[in-house]
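Those protein sequences? They're chains A and S, same order as listed.
Counting from 1, one number per residue, gives the positions in the first sequence under full-length UniProt numbering.
Counting from 1, one number per residue, gives the positions in the second sequence under full-length UniProt numbering.
The hints are simulated quantities; they were obtained by calculation from the structure and are not laboratory data.
Treat the hints with caution; some may be incorrect.
[Said to hold, decoys possible] In silico SDA-like cross-links for lysine to any residue, where the CA-CA straight-line distance does not exceed 20 Å:
1) Lys381/S with Gln256/A
2) Lys383/S with Glu152/A
3) Lys381/S with His145/A
[Claimed, not checked] Counterexamples of contact, computed for chain A against chain S with all Cβ distances above 10 Å:
4) Lys65
5) Pro151
6) Pro163
7) Asn221
8) His249
9) Arg254
These figures come from a predicted structure and were not determined experimentally.
We treat Cβ as the ideally placed atom computed from N, Cα and C, and that holds for glycine.
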Amino acid sequence: MSQGSLPKKQAADQPDVSEPTPKSQRTKVSKSSDDSDKKSLNKKLKEAEISVPIVYGNIAFWLGKKASEYQSHKWTVYVRGATNEDLSAVVKRAVFQLHSSFNNPTRVLEAPPFELSEAGWGEFEIAITLHFHSDVSDKPLHLYHHLKLYPEEEAGSMSTKKPVVVESYDEIVFTEPSEGFFARVQNHPAVIVPRLPAGFNLPPVPMEDGDKKKRIDPKDNPLSQWFTNFSEADELLKLAAARQQVQAHIARLRRQLSLIDGQNQQLKPPSDL
Amino acid sequence: MDAKDILGLPKAPLSLPQEKKSRPPKDSQRKPDGISREVYALTGGIAPLMPAIDISQWKRRAQSENQKEYAFKISTILTLPLQITWQWLPFTSSARNDNLQLYHWVRVVNGVPPTGDYSFAKYNKSVDVIKYTDEEYEKYLTDPTWTKEETDQLFDLCQRFDLRFVVVADRFQSSRTVEELKNRYYSVSRALLTARAVSPADVSGHPFIKEPYNLSQEIERKRALSMVLSQTKHQERRDAEVLAEAKRISESRMAAKASVFFLLFLLILLILALEPNLFAQYFLSAFNCSQAVQEPEFPVTLPVDPEIAGDSSPPDVPYPSGIVAPPVAETASVSASLRMLRVYLRTYALEQMVQAASSSAGLRTIKRVEQTLQDLGVNLKPKVLTKAVCAEHLELRKEILTLLNLQKQLQYKEAEGSSYRDGSYAETPGTPKHSQRAADQDRTFIPDSISFGGIKLLSTLIVSTISL
Numbered sequence: 001m002s003q004g005s006l007p008k009k010q011a012a013d014q015p016d017v018s019e020p021t022p023k024s025q026r027t028k029v030s031k032s033s034d035d036s037d038k039k040s041l042n043k044k045l046k047e048a049e050i051s052v053p054i055v056y057g058n059i060a061f062w063l064g065k066k067a068s069e070y071q072s073h074k075w076t077v078y079v080r081g082a083t084n085e086d087l088s089a090v091v092k093r094a095v096f097q098l099h100s101s102f103n104n105p106t107r108v109l110e111a112p113p114f115e116l117s118e119a120g121w122g123e124f125e126i127a128i129t130l131h132f133h134s135d136v137s138d139k140p141l142h143l144y145h146h147l148k149l150y151p152e153e154e155a156g157s158m159s160t161k162k163p164v165v166v167e168s169y170d171e172i173v174f175t176e177p178s179e180g181f182f183a184r185v186q187n188h189p190a191v192i193v194p195r196l197p198a199g200f201n202l203p204p205v206p207m208e209d210g211d212k213k214k215r216i217d218p219k220d221n222p223l224s225q226w227f228t229n230f231s232e233a234d235e236l237l238k239l240a241a242a243r244q245q246v247q248a249h250i251a252r253l254r255r256q257l258s259l260i261d262g263q264n265q266q267l268k269p270p271s272d273l
Numbered sequence: 001m002d003a004k005d006i007l008g009l010p011k012a013p014l015s016l017p018q019e020k021k022s023r024p025p026k027d028s029q030r031k032p033d034g035i036s037r038e039v040y041a042l043t044g045g046i047a048p049l050m051p052a053i054d055i056s057q058w059k060r061r062a063q064s065e066n067q068k069e070y071a072f073k074i075s076t077i078l079t080l081p082l083q084i085t086w087q088w089l090p091f092t093s094s095a096r097n098d099n100l101q102l103y104h105w106v107r108v109v110n111g112v113p114p115t116g117d118y119s120f121a122k123y124n125k126s127v128d129v130i131k132y133t134d135e136e137y138e139k140y141l142t143d144p145t146w147t148k149e150e151t152d153q154l155f156d157l158c159q160r161f162d163l164r165f166v167v168v169a170d171r172f173q174s175s176r177t178v179e180e181l182k183n184r185y186y187s188v189s190r191a192l193l194t195a196r197a198v199s200p201a202d203v204s205g206h207p208f209i210k211e212p213y214n215l216s217q218e219i220e221r222k223r224a225l226s227m228v229l230s231q232t233k234h235q236e237r238r239d240a241e242v243l244a245e246a247k248r249i250s251e252s253r254m255a256a257k258a259s260v261f262f263l264l265f266l267l268i269l270l271i272l273a274l275e276p277n278l279f280a281q282y283f284l285s286a287f288n289c290s291q292a293v294q295e296p297e298f299p300v301t302l303p304v305d306p307e308i309a310g311d312s313s314p315p316d317v318p319y320p321s322g323i324v325a326p327p328v329a330e331t332a333s334v335s336a337s338l339r340m341l342r343v344y345l346r347t348y349a350l351e352q353m354v355q356a357a358s359s360s361a362g363l364r365t366i367k368r369v370e371q372t373l374q375d376l377g378v379n380l381k382p383k384v385l386t387k388a389v390c391a392e393h394l395e396l397r398k399e400i401l402t403l404l405n406l407q408k409q410l411q412y413k414e415a416e417g418s419s420y421r422d423g424s425y426a427e428t429p430g431t432p433k434h435s436q437r438a439a440d441q442d443r444t445f446i447p448d449s450i451s452f453g454g455i456k457l458l459s460t461l462i463v464s465t466i467s468l
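Isolated chain A, as found in the complex:
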């Protein structure tokens, strides 16, 4: 019978994933090179899984006195790395599909930050499509976010200073990543990369000192003060506690069952045997 502690085992067949420590790793990103190792860089790593934690959502400011009938809020919808890291190593392009009442409802963003600001009055679903670099994936990924402008509580609480923020945390999982991608991002702060088994050699990728600064400075983005800090610790704690409770319950029931079984055996009429 398993105990109530945090089990180390995985349910799936992946090798152990290193803990996400984006804050500690501020090393440079090694860019993949386009030369001789191209073929081997395209090779797929079967047992590895790369995950990129992202947060997507919107921030909406009420315009207060300056609000008109058709533009009551100024909002920004975005996709960002979970810890504010730059996603451009993974994401080539983000396409935001807005409501058809907007001019050019299909907005394409080729460079980080993948943010889109607009003014309006209505809430609607925004379809976000993330296109990745060719060595990452040739299939795009779709996200859906319902734009929220109005706060949950009564309308009186709308203020021009405090925005309505709705964010969702998710992780993009890349199964069987190419070696090139792996090598490129193995030290990237925004990416969770599994530990490869010992003896597994990746082709050496030359380090480029060019773009060292890959972390978006909070000073550059005024919105970052409103970003939610997502931590898995809270969830894990709750889950662990719940599991402990359930496991204790199970143990008790098992004891009761064996007790009753014994009793029933004695009680059973002989014809039933």
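Guided by the hints, dock chain S onto chain A, whose structure is given.
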């Protein structure tokens, strides 16, 4: 003259000779091309707005036909090799059995009369009426209601008149109905066929054997037909009304039956929903039996690569009840399909895994799992879904399922125990004694239960209604 009045044409005398010359289809202002004046007059003297026939086409066709005829006549006269004469010649017909010679006009080509049988002889079809010997008659064909003479006469007439029974009946000496004659004819033929056949299998395909003549049925059928034929219009209407009424009644009766069945079905569902113990018994016992089969599957479904060192610890020990095994097999297939996607969101992955894990459980069980999660303070959909959180969440769900199954098992065993104790099914498991013995703190987990006696009563009720 008056025709011209009707037509509204000018009465000039010049028109008269013009009329005669207008026979060849040449135009005149007063009538259209291609049709004669009289025919044109039939239309009322006014050309139709849209001519029904394209006049020009018609005229052209008529012309070309005339030309063809003309050409043929010319050719027959001018082309000497083909010489046609008509001669009055004698002929015989194979259809006749007396060498009667008659005469008729014959088209002779180049002095050679046509050969071959009389052209209409091929239409002389006849029926093969079976012939029997006196011996055969004595052996197989005697019948109290028929004399040999009558039978002989019948067959002779049938032969002569090609089984035209109406004629035969008319010619028959003694007055017999058509049905009686047919009956005699067919029964005699059948008897002869069977008697002469080498084996019964040979003739079993013959229509006489396969579909024997049914005298009474035929009489009835003809009577009914004549009745229908002689029905008045009034009678017909009445019949139609009655049929419609009958249809309506039968439909409403079917609808009533269907609704009864539907209600019964709902009742059964209700019972099963409220009393899943009945269900669970079989559920659990089936699992317990199949436990031995399920366990070996476990290592296979986790394709752990032995080469990869690291912390991939050995698979979890399967729970003794063996309940966990099927969901793991499904989760493994979900992982495989996720891997195929190459790119996916972890929230999506969790959804799929949860679905796979709960696929073996009923809707009520799933709801209970979710309720339990909420009671424990856990989000049904984790806010921060990392790989670790995902794994923990799934494990928790699995454990809750196990818990619920154990509870059901416990309930069942308790009820069993109490029934053994009391020796009857009337005991209510929901007595205070039982509820205390069960988990004290989490009373919410114990569902309401109907007494077993109640179940029996309801099931007998259902059975009796179905048999109605």
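message = Quick check for students: does the CB of Arg254/A sit more than 10 Å from each CB in chain S?
response = 7 Å, violated
key: 20 Å Cα cutoff - pair Lys381/S, Gln256/A   = Since the Cα atoms of Lys381/S and Gln256/A sit roughly 33 Å apart, the hinted pair is violated (cutoff 20 Å).
Pro151/A remote from chain S - nearest C-beta pair above 10 Å = Non-interface label on Pro151/A holds, nearest chain S Cβ at 19 Å vs cutoff 10 Å.
Interface-negative label, Pro163/A against chain S, beta-carbon threshold 10 Å = 20 Å, holds
task = For the pair we were handed, Lys383/S and Glu152/A, check the Cα-Cα distance against 20 Å.
result = Within the cut-off at roughly 18 Å; holds.
Straight-line alpha-carbon gap Lys381/S to His145/A, limit 20 Å = With Cα atoms ~16 Å apart, Lys381/S and His145/A stay inside 20 Å; holds.
ask   = Is it correct that the beta-carbon of Lys65/A has no partner in chain S closer than or equal to 10 Å?
value = Its Cβ never comes within 10 Å of chain S, the nearest being 35 Å, so this holds.
query = Would the least Cβ to Cβ distance between His249/A and chain S come out above 10 Å?
reply = The assertion about His249/A is violated, with a minimum of 6 Å to chain S.
query = Was Asn221/A rightly flagged as not at the interface, with every chain S Cβ beyond 10 Å?
reply = Per Cβ check, Asn221/A is outside 10 Å of chain S; nearest 22 Å; holds.
Against the hints set out earlier in the document, violations occur for numbers 1, 8, 9.
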